[in-house]
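**Q** This is what each chain is made of:
2 protein chains.
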Amino acid sequence: MIVNIPENSDFSIHNIPFGIFSTKDRNPRAGVAIGEHILDLAAVHSLGVFDFDIAVLNRNNLNDFIALGKSVTSKVRTDIQSWLQDDNSVLTGKPELFVKQSEAQMHMPVHVGDYTDFYSSIEHATNVGKMFRDPENALLPNWKHIPVGYHGRASSIIVSGQPIHRPKGQTLPKDSNTPVFGPSQRLDFELEMGFVVGKNTQMGDTVSTGEAEDHIFGLVLFNDWSARDIQKWEYVPLGPFLAKNFASSISPWIVTLEALEPFRVAGPKQEPKVLPYLEYDGQKNYDIHLEVGIIPEGSEETNVCQSNFKHMYWNMAQQLAHHTVNGCNVHIGDMMASGTISGKDEDSYGSMLELAWMGTKPLQMKDGTERKFINDGDTVSMRGYAQKDGIRVGFGEVSTKVMPAK
Amino acid sequence: MIVNIPENSDFSIHNIPFGIFSTKDRNPRAGVAIGEHILDLAAVHSLGVFDFDIAVLNRNNLNDFIALGKSVTSKVRTDIQSWLQDDNSVLTGKPELFVKQSEAQMHMPVHVGDYTDFYSSIEHATNVGKMFRDPENALLPNWKHIPVGYHGRASSIIVSGQPIHRPKGQTLPKDSNTPVFGPSQRLDFELEMGFVVGKNTQMGDTVSTGEAEDHIFGLVLFNDWSARDIQKWEYVPLGPFLAKNFASSISPWIVTLEALEPFRVAGPKQEPKVLPYLEYDGQKNYDIHLEVGIIPEGSEETNVCQSNFKHMYWNMAQQLAHHTVNGCNVHIGDMMASGTISGKDEDSYGSMLELAWMGTKPLQMKDGTERKFINDGDTVSMRGYAQKDGIRVGFGEVSTKVMPAK
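If you read the sequences in order, they're chains A and B. Take the first sequence: its position 345, counted from the start at 1, is 345 in UniProt numbering, and no numbers get skipped. Take the second sequence: its position 8, counted from the start at 1, is 8 in UniProt numbering, and no numbers get skipped.
For reference, chain A alone in the conformation it holds in the complex (with noise of 0.2 Å):
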């Protein structure tokens, strides 16, 4: 191996994900994480090894990468793999095409366009359905026939490492008729995993659900950073807003599905049969395990949470298949997210909502403070990998520090 790969790392061999990376004497541009690196792609170009244009590597998102299609894209990660594993090829005796990941930043590995969020999680659903509407019928009738969803804020995606504020807004006092303005106090994340859409489509196209993979470029960790006293108050009837707009956090490597592949794993029997467009064939859940830590400031981390991207009961390819099949036109970059990903466990939800159930069950943390929601000076660090038969592909990191309201 040209580089040296940690035994456990997230980026081994068989991951090659592509992300945007800056240096301090250059602009940023497109690389592959490998081992405590990153492969400098436009350097690589550099040798005459690609036959696309080289600009597309220079930009700052991968968008026009990623429109060079998979044929191309899936070749430059193979391509890699073989490289990296050849002690005579055109990586050899070239450190200067590999940056140390600790002396370089991370930046949105693409620009976003539009950015969807589902409800995909059926134990989510039933737990947030007890909590704020009916314990009896958790679910509402129609959860089972549709990929709930609903459109987020684009803008404020921003990619781990970046702080964000706590955001103000309205909220209604318990026992009270009267909204309050002020910080939020019930500052929340929510544990998910986001897909960037890899091909365009135009208006009146559909994606069929055994299409949908082509039109996947790869998947990423997604913290949709919630408010829930804002949420409350401001939901009904046309959904979350500023509870959820003003930031969601995203782990700055995009893990292709081609990646993911060893790691496919069946999905949940979905009863009530769903309708013909929301059939599927194989298997399109992937294993993959996901944890979520609080590091109170100035302290050491608490994992407060074990959760697995197969518990969802809807899977990608039903979820862009339902997004696209009135014709809704999706775009190379537009994010797709899970929606909160909790299991069956107690420690499985992925929400300080469910795991501390409404601030009456709070968290210990190892300082030996408590945690109903997310205080001011935590940050909050979700990982995930998968790993089979001495194969691990993992997503590093996103994490993300609450500063005070401004």
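Please note that the accuracy of each hint is not assured.
Stated by the list, open to error - Quick list of in silico lysine to aspartate or glutamate cross-link-like pairs, EDC-like style, CA-CA up to 16 Å:
no.	chain 1	residue 1	chain 2	residue 2
1	B	401	B	300
2	B	366	B	378
3	B	366	B	300
4	A	361	A	347
5	B	406	A	205
6	A	406	B	205
Stated by the list, open to error - Covered by chain A, according to a simulated footprint, are these stretches of chain B (three or more residues, beta-carbon under 8 Å):
no.	stretch
7	226-235
8	239-247
9	269-276
Just so you know, these hints were derived from the structure itself, not from any lab. Ideal Cβ positions, reconstructed from N, Cα and C, are used throughout, including at glycine.
Please arrange chain B on chain A, whose structure you already have, making use of the hints.
**A** Frame of chain A, contents of chain B only:
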């Protein structure tokens, strides 16, 4: 006047709205509408009269032009007003600067990064609440405290003239628990106006009601197409999604806030008192007459609605202040629509849902047919203008034909 302006033209000397047009021989570029002509701004720039980069006028959207700031864009508008009225100006004797609107194709005037739809007409919210929820408590408790809004789909906003296809989707038949799939049977328009954001903000920034108008470049007519049957089944609990995101249509000319200055009027009294961040000074509503016509295939137009933008309960300054109060960042070109603009009178309702009251009061067309909702082959045209003391400032129209489901 250098160019003839027909009496009652929407595009009077007082207007000078901005848009993007193309001609057979040349690519999309910026222009202003004057009478039945377009003044080619890049061609005017070539005369050496503007001191900014001509490149911003040769793009297929106005975003970079708007980014020059109102000090520049307002002066372009007032300079053009002066030149057009001066028989010895830089524009004199240069017919090549003018293109007939009938010989031009209009394009989307801006690249829309994010699109937000508000719900700011009290009559519309009350009508919908009566129909879908509780007639005795039609307005939800938050409505008079929050300019309720939600995120829509930016990718499917199209310009007047582009036809749409009837969307397909899931609906729940009456007295059934099982949804069916097929073309929407309740396709509807929504008469709205949209404003175009004129300044970028950063995450964490807020825009006060006092600052808001400086952040608004101008307005367009906005038809927020809606599939009522899809909406009814999908919208709980996260809001409208596929019922809306198949298409929204806008008029091609952005009428500036400066042009609308003479038409300011007081808004309604807001009771109960709003929270301090939503308080405002001065007159922030605008008296803009609005109307909707339906043109059945091969037939003449029937006017079905006469409304007015002055009916809005929440004004644009309040909408933008609310949108940013949590630190949500907004970008130049972002579109924020008003929500359906209904007045008090039954013929001022801004949607078929309300005009034909859920299909119980069909509208008569001039060709003898009836409409409960919009039929295949129908063209829906919305027009709007402000008029006072001999001054007319209009929006032209947004006109969209509905094709059968694909």
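**Q** Against each hint, give a clear statement of whether it holds in the structure.
**A** Verification of the hints:
| no. | hint | result |
| --- | --- | --- |
| 1 | B/401 / B/300 | holds, 14 Å |
| 2 | B/366 / B/378 | holds, 13 Å |
| 3 | B/366 / B/300 | holds, 7 Å |
| 4 | A/361 / A/347 | holds, 12 Å |
| 5 | B/406 / A/205 | holds, 9 Å |
| 6 | A/406 / B/205 | holds, 9 Å |
| 7 | 226-235 | holds (count 5) |
| 8 | 239-247 | holds (count 7) |
| 9 | 269-276 | holds (count 3) |
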